[in-house]
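If you read the sequences in order, they're chains S and C.
For the first sequence, my numbering gives the first residue as 1, with consecutive numbering after it.
For the second sequence, my numbering gives the first residue as 1, with consecutive numbering after it.
Check before you lean on any hint, since a few could be wrong.
Derived coverage of chain C by chain S (criterion: at least 3 residues anywhere in the stretch with Cβ under 8 angstroms from a Cβ of chain S; other residues may be distant) [what the hints assert, rightly or not]:
no. : region
1   : 62-70
2   : 112-125
Straight-line distance between alpha carbons at most 30 angstroms, and here's what the computed DSSO-like set of lysine-lysine pairs gives [stated by the list, open to error]:
no. : chain 1 : residue 1 : chain 2 : residue 2
3   : C       : K150      : S       : K92
4   : C       : K150      : S       : K109
5   : S       : K88       : C       : K150
6   : S       : K78       : S       : K88
Derived by calculation from the structure, the hints in this document are not laboratory data.
Cβ coordinates follow ideal geometry from the N, Cα and C atoms, glycine included.
Chain by chain, the residues run as shown.
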Amino acid sequence: MGNDRFFPILAISVLLIGIFASLYVTAITNQQDIDEDKIEINNIMFSKTDFFKDIEQITITTDRGEKTGYPLDEIIIKSGVDCTECHKYTFKAIEPDPYQQTVTWEDIKTGIFSLDRDIVYFPYKTHSFWVYNIVEIEVD
Amino acid sequence: MNEMRLLLGIILFGSLWGFSEVILGPIINNGAIMTGIFAISFMFLSRMIFKQRGMQLGMGLIAGTLKIFDPFCVTCMVCSGIAIAAEAAIFEVMFYKLEKLDFSNLKTITVQSSLGISAAYVIFVGGYIVTQILTPLSQNSFYLENLFVKIPGILSSGLMAALVGSITIPILFQTNKLELRLKDRLYYPTTIGISALCWIIIITNFLLFS
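Okay, chain C solo, but in the shape it has when bound:
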């Protein structure tokens, strides 16, 4: 795998993920739906295209960095960014040992939907718990009993992410059959251009509304 091609892939998917979190997040205003559609889509799609471990963590770090520029974020902004990176880390751990990194052996809709349910639920709940730890920690007000009280609500809210993930992943597997490929001549300017556009919109949005 060409390292430059991979690096630009990380930047592209990370920027798109960050764009969805910062620009679409306040409109959708539901973390479970955000994870079930965008986080899951970008991580699975990039894994299917590049077949590289560690790439999704890099994407999460970029998306998390962009989340800091969210003018509508009502919690600790750095914590929200870290939570996004945590979602990526959970994905990496979940699928570290999966044979054939491209998921090509998952043929039936049942298995694909099951994958979507499992991944969306675990990633959303994990990210949510990280936020519930980091936000009070950042305010010097973290108490374990407060987290325990919240756990049933967090586990319950993961059902929405699971439901959305069960639809997202089978659709994603269908689009992957399209075999969309760009020649190197177009790949580099396209990825750089789209990434730069995401960053410009996010920073402009931050400057306008913060």
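Bound-form chain S, shown alone:
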């Protein structure tokens, strides 16, 4: 096949892949009925208003300045997880597109969760672990 036909066919193929991927992402995002006051931790749905009212916020220093939020270790313990060191913790977001990152208990002990953008900050990890718009914390 000559280049005159090969490149247009390749271009149409990659465009179709991109378009279908966009439709999939849009469908996944719209499919979820997000209640902004709810967060799922270890398969239990909590009301943020009730869950966080007894937890004191702390301030940590990151390479992007000081950040204030709720200590992740307290959140995990309060959600009822036993043997906190035995698990991995996956922070899941679906907006603007599905995204998740997994960390260990050692990371959890240093991190915080901020209700401003529903974001987690880890001072000793790269920013790709600062997942925002979190809807679920999965405990594995």
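Assemble the complex: chain S is given as a structure, and chain C must be docked to it using the hints.
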């Protein structure tokens, strides 16, 4: 091909690519646009001028090395550098078997735009996936399921790179008709001077803002 001329070409285009990534990258702040304009332009332009396989990988290694001096890089800096080199490697693989390394047989705008769409999309998506693997790996936190979840978003974001690439490549083919050539007497000092200037600005920028 004079080896010294080729080596200086690699350094020049690699330095310009690195300069665009480090200095213009934080301003543009969109990886798809960066790939669709700069990565694609420098790799195609150098291939059209020098007609040498492997040159773009060398450029990618230089640009990737310069990326380490990006004070605004928010991910693993070494990983971002490797991702740039990966983009160059993907280009080399994509066009390894292309007849006539100068792309001179691609005459119509349709074919040129198609080339831009295909190259920009594949190179951007490939580089993006490499970053999504290397960054968690560097933190001992790589899990395959996290990558799979991200794949639709990556494939979707490649559309912007494809759109930009569809415009960049036809423009590049038009500029290539200008037949800009430098005599050896001017070529060596010009390439060394421009490359050195890029490095000085990048390192000064790093020292000022890191």
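Against the structure, the hints:
1. 62-70: Check failed, 0 qualifying residues.
2. 112-125: holds (count 7)
3. C:K150 <-> S:K92: Measuring from Cα to Cα gives roughly 11 angstroms; hence the hint holds.
4. C:K150 <-> S:K109: Since the Cα atoms of C:K150 and S:K109 sit roughly 26 angstroms apart, the hinted pair holds (cutoff 30 angstroms).
5. S:K88 <-> C:K150: Holds. S:K88 to C:K150 sits at ~19 angstroms (cutoff 30 angstroms).
6. S:K78 <-> S:K88: holds, 16 angstroms
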